[in-house]
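Q: Sequences and hints are given; from them, build the entire structure.
First to last, the protein sequences are chains A and B.
For the numbering used here, add 14 to where a residue sits in the first sequence, where the first one is 1.
For the numbering used here, add 523 to where a residue sits in the second sequence, where the first one is 1.
Please keep in mind that the hints were generated in silico from the structure rather than gathered at the bench.
Hints may contain errors.
[Said to hold, decoys possible] Here are the computed lysine to aspartate or glutamate pairs in the EDC-like style, where the Cα-Cα straight-line distance is at most 16 Å:
(1) A:LYS366 <-> B:GLU759
(2) A:LYS57 <-> A:GLU159
(3) A:LYS313 <-> A:GLU455
(4) B:LYS649 <-> B:ASP680
(5) B:LYS603 <-> B:GLU624
(6) B:LYS649 <-> A:ASP163
(7) B:LYS704 <-> B:GLU660
(8) B:LYS649 <-> A:GLU455
(9) A:LYS17 <-> A:ASP51
(10) B:LYS722 <-> B:ASP628
(11) B:LYS589 <-> A:GLU455
[Said to hold, decoys possible] Label-pair distances were calculated between CB atoms; the ranges are:
(12) B:SER733 <-> A:ASP381: 33 to 41 Å
(13) A:ASP163 <-> B:ASP754: 32 to 40 Å
(14) B:THR633 <-> A:PRO171: 26 to 34 Å
(15) A:MET317 <-> B:ASP568: 41 to 49 Å
(16) B:ARG554 <-> A:THR208: 28 to 36 Å
(17) B:PRO635 <-> A:MET317: 47 to 55 Å
(18) B:ALA747 <-> A:ASP51: 39 to 47 Å
(19) B:ARG571 <-> A:LEU451: 54 to 62 Å
(20) A:ARG135 <-> B:SER625: 34 to 42 Å
(21) B:ALA695 <-> A:ASP268: 54 to 62 Å
(22) B:ASP568 <-> A:GLY35: 54 to 62 Å
(23) B:ALA747 <-> A:GLU172: 53 to 61 Å
(24) B:SER625 <-> A:GLU426: 56 to 64 Å
[To be verified] In silico negatives: residues of chain A with every beta carbon more than 10 Å from chain B:
(25) VAL89
(26) ARG246
(27) GLN252
(28) LYS389
(29) ASP434
Heads up, the beta-carbon is just placed ideally off N, CA and C, and yes, glycines get one too.
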Amino acid sequence: MRKMLAILACKLGYFVGKLVGKGSSLPGKLALKLCPDILGQVKLPSTVIAVSGSNGKTSTVEMIAAILRADGQTVIYNKEGSNQIEGVATTILTNATLSGKVRADVLLMESDERYAARTFRFFRPTHFVITNLYRDQLTRNGHPESVYDALRPALSPETELVLNADDPLSSCFGIGRDNVTWFGLDRCSYSVPTPTGVYHDGAYCPVCGGVMEYAHAHYNHIGAWRCTACGRERPHTQYAATALDLQKGVLTIDNAVTVQLAFRSIYNVYNILAAYAVCRRCGVSADTAAGVIGNYVLKNGRMQTFRLGGHHGTLLTSKHENSIAYDTNLRYVQDCGTACVVVVIVDAVSRKYFTSETSWLWDIDFDRLDSPNVKRVILSGRYCNDLAERFTYSSLPADKWEVVEEIPAAVEELKASGDDEIYVLTCFSDRDKFLTLTEREA
Amino acid sequence: MNLTILHFYPDLMNLYGSYANVTVLSGLLQRLGHAVEIRNVVPGDGVRFADADFVYMGAGTERRQKFALSDFRRHADEIKAAASDGLTMLFAGTAMELLGESVTDADGNTIPGIALAPFQTAQHAKRVVGDVYAHTELFPEAVVGFMNKCGIVSGADSPLLSALDMGFGNEAEHGAEGWHKHNVYASELTGPLLVKNPKLLEHVAAALLSRKGLTPPDAYPVDAWARRGYDVTARELAARTGGKA
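A: Here is the structure:
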């Protein structure tokens, strides 16, 4: 009875929420209040996939859903921003009958890495994809190893793990298990001999503290690693990118499947591999999966194009407090080779308060902007002084970067002159402060 | 003058932009006309403290902190002798905990520290996170930073920050934070500490220069961005202390 009431309340709450445009975690919260173990009482589909990790969750979930649907399966999943237990409950219960049967072939969930243990107390996924674990929102998460410790209890021994072989930390989830599917990127034209970036989180083995060595790296400490002390090394992969040409935008998986990339970023390649691997494990053919991934344009709006005066521009959404997200976008700007102006905006790190914590700015490899194609850099937002102090110690010559504190002033200055491509690097939280002052492209 | 900085375990104790404390100190000393050599120390290295003008170690995860301690312990006697001799040192983040008598991890395992300082650290699964607005007896300006740790430090007899208007100190909300004796500075504040606090940076530089027999300048070359960044942060945090600042 309580179960039915909770489901009904959730459905009703969701319907009302939709009318008034409210978020999707509230109905689930209400249901959990009425029946705290409701998630243990519903009948879930035979396939339940969870996706967690520091970066790439939303994109990976979106691609998994698209592939499974192309395979003819019905999929339900939670949308971005509702990845804690309440949001997951909303997704499950709004798609359940009043008797508690979830109407779908697959339940797919993006799960917050720190709260996954709470979500998966009442049911366990059949497959758990972990994209990676690295420095992300440390003011909330502490550090990557504390996230590792928080996520570990969410992984039931019976759940099949789909793990990134190239990440020394999240690969530790596979220690002592044989139900692991590994994905990774083989050496390719994009590989570099050693890890990149300001800090080196792959320098020492996360298990024994021994010195690690790399056969190659793809970005930061993601690559082919091996501990010289305990011998632990990058696991053998079941699903691998065997060739990659980012210039042409061509990715080859398992020497057999060729995919044209809509978004030519190394990041995207790992998200594709994660999605491909778990879908293949769920019985999808290589051709079906490749057919969907080929030229797949993500709908989550991480890249937005606009016009401003004589300029064409692209806003690359990074995440504040996430140096690897910034590094990836900086590398994108550097590799594109287009003559450009770069705008870095750090205006609100937290929605709630101003923080003294700006150490993450020092973890970002801004030296990548010291590239011939980058003509000029503008630093803007409330934290522009902290950014400027960071840039003082970058390799960029002082005449290449300038500070324009107010975002509208930066926009006006750009509008008034020049026609170079503009790249804007900022977070979701600050994105619209810039975009609303431009002419958006569809 | 040639000045030498020993940076302990830069790839192991590297959380929260720790290296930047060395970057800005080195930058200031260079602007004062000195040549600065930064020597990175990795586990297993032999270290000559006699050559050093500044010793630094930054924050690491609790696992990495243990890996660091297993090597750092080899240098305990020399560190203690150098500290008594007035060598300037900064231990930021979890590096501070290594100076004490012991570190007990969240599982209850206790390992001895180098016992330069009389405190003990007890780590917990729950982390302490939040902004800090504090005062030190070293200079009148407030100290700003962010606390992100899981260790409770008890018995720190001579704290670096004597009064906190906002945030969690060594062992209590609003309690004293860090440790300071001779020219050894230790604090678990991130930011990084010397980046966010130009006055503390100058104070540490002055200690270093004085020991070298140099007269610290009356006025330091101003890093306008650091100064403005500090002003904005101090103003914003002070406004949130509820009028205590």
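Q: Hints first: check each against the structure and report whether it holds.
A: Against the structure, the hints come out as follows:
{"no.": "1", "hint": "A:LYS366 <-> B:GLU759", "result": "holds (12 Å)"}
{"no.": "2", "hint": "A:LYS57 <-> A:GLU159", "result": "violated (34 Å)"}
{"no.": "3", "hint": "A:LYS313 <-> A:GLU455", "result": "holds (14 Å)"}
{"no.": "4", "hint": "B:LYS649 <-> B:ASP680", "result": "violated (25 Å)"}
{"no.": "5", "hint": "B:LYS603 <-> B:GLU624", "result": "holds (13 Å)"}
{"no.": "6", "hint": "B:LYS649 <-> A:ASP163", "result": "holds (11 Å)"}
{"no.": "7", "hint": "B:LYS704 <-> B:GLU660", "result": "holds (12 Å)"}
{"no.": "8", "hint": "B:LYS649 <-> A:GLU455", "result": "violated (46 Å)"}
{"no.": "9", "hint": "A:LYS17 <-> A:ASP51", "result": "holds (9 Å)"}
{"no.": "10", "hint": "B:LYS722 <-> B:ASP628", "result": "violated (34 Å)"}
{"no.": "11", "hint": "B:LYS589 <-> A:GLU455", "result": "violated (52 Å)"}
{"no.": "12", "hint": "B:SER733 <-> A:ASP381: 33 to 41 Å", "result": "holds (34 Å)"}
{"no.": "13", "hint": "A:ASP163 <-> B:ASP754: 32 to 40 Å", "result": "holds (38 Å)"}
{"no.": "14", "hint": "B:THR633 <-> A:PRO171: 26 to 34 Å", "result": "holds (31 Å)"}
{"no.": "15", "hint": "A:MET317 <-> B:ASP568: 41 to 49 Å", "result": "holds (45 Å)"}
{"no.": "16", "hint": "B:ARG554 <-> A:THR208: 28 to 36 Å", "result": "holds (32 Å)"}
{"no.": "17", "hint": "B:PRO635 <-> A:MET317: 47 to 55 Å", "result": "holds (52 Å)"}
{"no.": "18", "hint": "B:ALA747 <-> A:ASP51: 39 to 47 Å", "result": "violated (58 Å)"}
{"no.": "19", "hint": "B:ARG571 <-> A:LEU451: 54 to 62 Å", "result": "holds (57 Å)"}
{"no.": "20", "hint": "A:ARG135 <-> B:SER625: 34 to 42 Å", "result": "holds (35 Å)"}
{"no.": "21", "hint": "B:ALA695 <-> A:ASP268: 54 to 62 Å", "result": "holds (57 Å)"}
{"no.": "22", "hint": "B:ASP568 <-> A:GLY35: 54 to 62 Å", "result": "holds (60 Å)"}
{"no.": "23", "hint": "B:ALA747 <-> A:GLU172: 53 to 61 Å", "result": "holds (59 Å)"}
{"no.": "24", "hint": "B:SER625 <-> A:GLU426: 56 to 64 Å", "result": "holds (59 Å)"}
{"no.": "25", "hint": "VAL89", "result": "holds (36 Å)"}
{"no.": "26", "hint": "ARG246", "result": "holds (14 Å)"}
{"no.": "27", "hint": "GLN252", "result": "holds (29 Å)"}
{"no.": "28", "hint": "LYS389", "result": "holds (22 Å)"}
{"no.": "29", "hint": "ASP434", "result": "holds (25 Å)"}
The structure fails to meet hints 2, 4, 8, 10, 11, 18 from the earlier list, while all remaining hints are met.
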